[in-house]
Each structure stands twice: as C-alpha cells, then as structure tokens.
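Student: Each chain, written out:
There are 2 protein chains.
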Amino acid sequence: MKLKLLCLALAASLSVPCLADRIADEPIKPIEPAKITEPQKVELGKKLFFDPRLSRSGFISCNSCHNLSTGGSDNLPTSIGHNWQEGPINSPTVLNSSMSVAQFWDGRAKTLEEQAAGPISNPKEMALTHAVALDVLRSIPQYRSDFADIYGTQEITLDQVTNAIAAFEETLVTPDSRFDRWLKGDDNALTDQELAGYETFKEVGCTACHNGAAVGGTSFQKMGIVKPYITDNPAEGRVAVTGDDADRFSFKVPTLRNVELTYPYFHDGAHWQLDKAVDLMARLQLGRELPKSDIDNMTAFLKTLTGEQPQFAIPRLPPSTENTPKPVPFAKD
Amino acid sequence: MKLKLLCLALAASLSVPCLADRIADEPIKPIEPAKITEPQKVELGKKLFFDPRLSRSGFISCNSCHNLSTGGSDNLPTSIGHNWQEGPINSPTVLNSSMSVAQFWDGRAKTLEEQAAGPISNPKEMALTHAVALDVLRSIPQYRSDFADIYGTQEITLDQVTNAIAAFEETLVTPDSRFDRWLKGDDNALTDQELAGYETFKEVGCTACHNGAAVGGTSFQKMGIVKPYITDNPAEGRVAVTGDDADRFSFKVPTLRNVELTYPYFHDGAHWQLDKAVDLMARLQLGRELPKSDIDNMTAFLKTLTGEQPQFAIPRLPPSTENTPKPVPFAKD
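Sequences listed follow chains P and L, in order.
Under the working numbering, the first residue of the first sequence is numbered 927, with each subsequent residue one higher.
Under the working numbering, the first residue of the second sequence is numbered 927, with each subsequent residue one higher.
Simulated from the structure, these hints should not be mistaken for laboratory data.
Each hint should be verified, as a subset may be incorrect.
The list treats identical chains as one, so a pair stands whether inside a single copy or across any two.
[As the list claims (entries may be wrong)] Result set (SDA-like, lysine to any residue): computed pairs, CA atoms no more than 20 Å apart in a straight line: (1) K1229 <-> Q1068; (2) K1128 <-> P1244; (3) K1153 <-> L1121; (4) K1036 <-> N1249; (5) K1148 <-> I1076; (6) K1202 <-> T1250; (7) K1252 <-> W1198; (8) K1128 <-> I949; (9) K1229 <-> P1067; (10) K1050 <-> E1012; (11) K1148 <-> R1064; (12) K1202 <-> N1249; (13) K1050 <-> A1257; (14) K1050 <-> Q1011; (15) K1229 <-> L1121; (16) K1128 <-> D1222; (17) K1148 <-> N1159; (18) K1229 <-> P1245; (19) K1128 <-> R1209; (20) K961 <-> F1175; (21) K1128 <-> L1212; (22) K1110 <-> R1064; (23) K1252 <-> A1053; (24) K1148 <-> V1130.
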C-alpha cells in the first residue's frame, strides 16, 4: 500500500498513470508483442501457412486446422485430414505456441520448425511428400525469388520452408489481454469476480502447471493425476516419445491463453464448455470438488486471458505454373 | 492522333498527365473500386464468408472453395465438399461475381444472395440445413448484436445472412489491372505483345462473349459452338434451368478477370494451362486454328487482366457458446 501511495505521488508529479507492476510477484507473466526482425521471412511464412498446395489435395493448409480466425484452432474435437480422415488428437492452437517447451501434445517436436514439417507429409493430414512440396514451391517464380532474397540461395529446402513458417508462427502471440493489463498494473482491467477467480486459480494449485507467459506449455503432466481421465481416445501421450512407462497419459500442459476461443478442450477435444473443463480439471488433477461459484469465477478469469488476436491482411498466393505438380484431391492410393 | 495532340497540349498547360480515355471505344470496360456504403454489413458478411460453422463439419466455409488468397477460387478441377465428396463442376471465382448476369455456371441463381444460400445446405457442399445455420448464428451474442445493429431486429433470418454475404461479395472487385490502366489512357501500361494480343482477341471474335467490365459473365453460350467440347463431366448447363433443349451445354460465359489466378479452366476444370485454354476456345468456339504467336500474345494480354486483389484483415470470428449446435465432422448419415 505504501508502494502504491508512493507511486500515486510520483505519477501525479510526472502526469502519468500510476500502474502497480505485479509481474514479478505473479506466476503468470504478460505476453509481449512480437518483435519482427525479419519481416520478409514472416511474410513468406504467412504465405506458406495459408498455401493449400502444401497438401496433396490442394485443399488443406496449416490454417485449415490452426485457423487464425478462430483462435488458431479448428474448434473440432479432432481434425479433418486428407480424404476426410479423422485426426487422432485435438489440434492445439498455434497462438503463442512459440512459448511451448516442445510441440505436439506429446512434445515429439522440439521446435516449431520440426513441428511444421510433420503435418505436410503426414498421410492422415496434408498427405504430401516433402519432395513434392518442394517441387511445388520451386516451380513458382515468386516463391523462388522470396526464398532467394531471404536465404541467399537458388535452392529451396525443407529447412527453409519450416524456418519461414516458424518465423511467421513466432509472430502469432496475443498480447494485451485484460489479464495482462492488470498484471502491468491497470487496477480496472479485471472485475472483482475475475480477480476472485484468479485467486482461486492460484490457491487450488492450477498455477503449478498453468504458469508463465502462456499459462501452460512449459511441462508435461499426467492427464488424470488423482482420478483417471475417461476417454475413448487411444493416445498415450509422452510415453510414445520417451518410452518411459511413467510417461503414459502424460501430455504437454496446454496453454490457457485464448482458451475462450480454443474449445473443445483436452487432448481428445471431448469437452466443449469451459466451466465443465475447469470443474473436471479440479477433480482429476487436484482432487478438489469446487463450489459452482469458484468454478464460475475461474471461468470468468480464464476469459480475461483472451489477448489481441493476430491482425494481418490475408496473403495473396502466387499462382502455379505449368511446372507445378498438380493437386490430387480425389485419387485414392 | 489529333485528339492525342490536343490532349498533350491541354495536359501541358494544366500540368497533368495526358491520358487518352479509351473506355468509350473498347468492348472491355474498366473495373471501378468498390464503393462501400454499409461498412458494418460488409464486415458481417466477411465474417460469415469465413465462418466454417456454416457447414455441417465445422470445417468448410465459403472461403474454402472461393479462396480469397488464390483468386477467389480453389484451383481444383471440382471442389471438395462435406465428407470429401467430389463436386460436380468447377467452382467459379467469387471475384467480380457481382457483375455477372446470374450466378452458378447454369445461372440458376439470379442474385448473389440466392447463390449464397445454395452451398450452405447443399448436401455435397457444406451440408448444413439453413435452420441449423440460423441456430448457430442466433446462439452467438456478437452475431446477434451485429444483425440487430444492421437489420434492426432481434431475429436472424436466412435473407439477412445471404444479404450480408452478398454485401461482402460486392466489395470483391479487382480494379487497377494493367489493362484497366491502359483503358484509362496509360500508354505505358501494356507491352507491345500484350497490345497485339488484345487486338487479336478482338479481331478473332473473343469479345463477342468476353466483354464488359468482367470480360464475360454477361451471357450464356454453348460450350462447343463449332466443334463439340470433349469432357467426362456430365453437366448439361443452362437446359437444367430453362428446360429448353437449345440450352443444352450452354453455360454462363466465365469472367476472364484474374484468369491467370483461376485455373484450372472451363466448367469441368479440365485444362490447367491458359495458352492451351485459349487455343481450345479459338478452335471450338470460333473454328479458328491460330498460330502460336497469336495464342502467346493473347495469353500475355489475358494476364494483364489481373487486378488489385481484395485486401483486408482476416476476420476474427466470435466464439460459440454452450447453445451453439456442435459441428458434426465425422458422423455418416
């Protein structure tokens, strides 16, 4: 309180608003706006992110399942892949994914670059070979020129492609949520209910896993610590990567940033309502049966984590040429 | 030439560039930028155009097949619909579609509004019922508020939905192509080859059908006037609307605006190369076998019809609520 009075006095003398900086004390940190140091690479990555020619069908782009109009996710339990195949697991949001310790629910990709290569050639997702993807890009003069400008070679490689996509994805952060404004000292940014929800969120132990700037994404945890999670989804999580039986049903803790937009929830996408998801998490992970008022407050708090969504013009993709491998939307293998 | 000298003298005295106005004399007219009189309606229409919740799967939006990153088309012979069904006909570009005499290849929709209602409920396309589509929109507070602001009622109707989508589509015009700059008097806008191509385009008779601001879209014509068009596609065209046998294989003349971007060509999307398409048209519609130089020149001219593509920020779609009907991506009927 003394600090606040000091701040008020100082602020008055300097004619600036008094903002108490809570950042150091809180387990959640604010998201800073993206610093774009290589704008041309980001622009190229954006084009690639939206280019359906990176799929066998010519129909599916990164943005199909990580839709930047809908919180960087597809809002489906599991995604639709090539030939309408059903995906095995919920598509995580691409928003703030650069802050994750690793990529995919089981963390099998260490970097955004490594992740970006996966869906392109996954036969259940975009179903193209990397070789054909590169042939597509190499056949298009504007892409050739973009890559040459950025990477200084006439060659286009998979590493360059994923590097450019990752550079774009690194810009997909969502600063300036109401919660971040409160973190930075704006007392009016949150309602009493939202603040109460945040206090409960910390008290009951949610921040043990959901912490940092992304409010998650920093560790792997067992889904169903206290009580088992009931699901039809056969995914076993991190054990697939480590081979360690202790990692069975261990998944990357998802970010709660923009969670209002990224339903349905959990790795199986089986739960659509945020309050139900909060209630279930408290029961399964913390062994707590919380009163409805606590659940409602925490749900209200979580909605303050919706930040400024990426704003950019839809990219204009360069046309194919007669040398561009044609999409194969309907041929069955 | 006299006029040009007069113009030059006048321009010099007024210190403005001398631009010969060719508009009155030419069969192709320039595209003017969209005049947006109801910006809020356009914004709503844009959201609806990009909203995959207007499909049964929650995966397909208007933009899926009329992709504004790729010339307002999907660059596939025929489109991919619900459950990966193969569409019956090539998806025409939405760009400049407001200038067409009617919508769809057979002109079965008189207006953009009437067109917009079609794919939403077509079981081979978005496969949602209009009733569920309206339930989706009514369940989302931001949509309710948008519709109330624009249409002054608490109700959301299909007419309002298609009216808003059409309002957005009316803005999807592509002014300021190099050809339009030439039309408006900029002598340097076209190369000699492009001009020669345009002269041939007129001389051999292409402008009989491909005329006006959209360079097409104003009439229905038989596909294969002089020689029959060979295709596996069973579409019979305009006869399905008029019942008149004379309209068999008659289709709406497609716009040639942005034709560089809207491959593959013709109602069956069977031809990927613009020069091949030009050659085929000359043979089948005009009975002309043109030298390669003419074909090349006309192809060069056609690429000058690529205009300024719509530039706008990707829309941010409002989240669903617990009352929003859920998408059904995988259930088989």
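Student: Does each hint hold? Answer for all of them.
Tutor: Now the hints, each set against the structure:
In this assembly of identical chains, the alpha carbons of K1229 and Q1068 lie at most 20 Å apart only when taken from different copies (15 Å versus 41 Å within one copy). Taking the closest pair of Cα atoms, K1128 and P1244 never come within 20 Å of each other, the shortest separation being 49 Å inside a single copy and 28 Å across copies. Taking CA atoms no more than 20 Å apart as the test, K1153 paired with L1121 passes in neither setting, with 28 Å inside one copy and 75 Å between copies. Taking the shortest Cα distances, K1036 and N1249 never come within 20 Å of each other, neither inside one copy (34 Å) nor across copies (38 Å).
Within a single copy, K1148 and I1076 get their C-alpha atoms no closer than 42 Å, and across copies no closer than 49 Å, so neither meets the 20 Å cut-off. Taking the shortest Cα distances, K1202 and T1250 sit within 20 Å of each other only across copies (16 Å), while inside one copy they are farther apart (48 Å). Taking CA atoms no more than 20 Å apart as the test, K1252 paired with W1198 passes between copies only; the shortest distance there is 9 Å, against 38 Å inside one copy. Proximity of K1128 to I949 under the C-alpha cut-off of 20 Å is restricted to the intra-copy arrangement: shortest distance 15 Å within a copy versus 69 Å between copies.
In this assembly of identical chains, K1229 and P1067 lie within 20 Å of each other by CA distance solely across copies; the values are 15 Å between and 44 Å within a copy. In this homomeric assembly, K1050 and E1012 come within 20 Å of each other (Cα to Cα) both inside a single copy, at 8 Å, and across copies, at 19 Å. Proximity of K1148 and R1064 under a CA criterion of 20 Å is satisfied in neither setting, with 44 Å inside one chain copy and 38 Å between copies. Proximity of K1202 to N1249 under the C-alpha cut-off of 20 Å is restricted to the inter-copy arrangement: shortest distance 14 Å between copies versus 52 Å within a copy.
Proximity of K1050 and A1257 under a CA criterion of 20 Å is satisfied in both settings, with 15 Å inside one chain copy and 18 Å between copies. Proximity of K1050 to Q1011 under the C-alpha cut-off of 20 Å is found in both arrangements, the shortest distances being 6 Å within a copy and 17 Å between copies. With identical chains, the CA atoms of K1229 and L1121 are at most 20 Å apart within one copy only, with a shortest distance of 12 Å there and 59 Å across copies. With identical chains, the CA atoms of K1128 and D1222 are at most 20 Å apart within one copy only, with a shortest distance of 15 Å there and 69 Å across copies.
With identical chains, the CA atoms of K1148 and N1159 are at most 20 Å apart within one copy only, with a shortest distance of 15 Å there and 54 Å across copies. Proximity of K1229 to P1245 under the C-alpha cut-off of 20 Å is restricted to the inter-copy arrangement: shortest distance 11 Å between copies versus 41 Å within a copy. Taking the shortest Cα distances, K1128 and R1209 sit within 20 Å of each other inside one copy (15 Å), while across copies they are farther apart (75 Å). In this homomeric assembly, K961 and F1175 never come within 20 Å of each other (Cα to Cα): the closest approach is 36 Å inside a single copy and 56 Å across copies.
In the homo-oligomer, the alpha carbons of K1128 and L1212 lie at most 20 Å apart inside one protomer (12 Å), although the nearest pairing across protomers, at 76 Å, exceeds that limit. Taking CA atoms no more than 20 Å apart as the test, K1110 paired with R1064 passes in neither setting, with 47 Å inside one copy and 37 Å between copies. Taking identical chains as interchangeable, the C-alpha atoms of K1252 and A1053 lie at most 20 Å apart only when both belong to the same chain, with a minimum of 14 Å there against 27 Å between chains. In this assembly of identical chains, the alpha carbons of K1148 and V1130 lie at most 20 Å apart only when taken from the same copy (17 Å versus 72 Å across copies).
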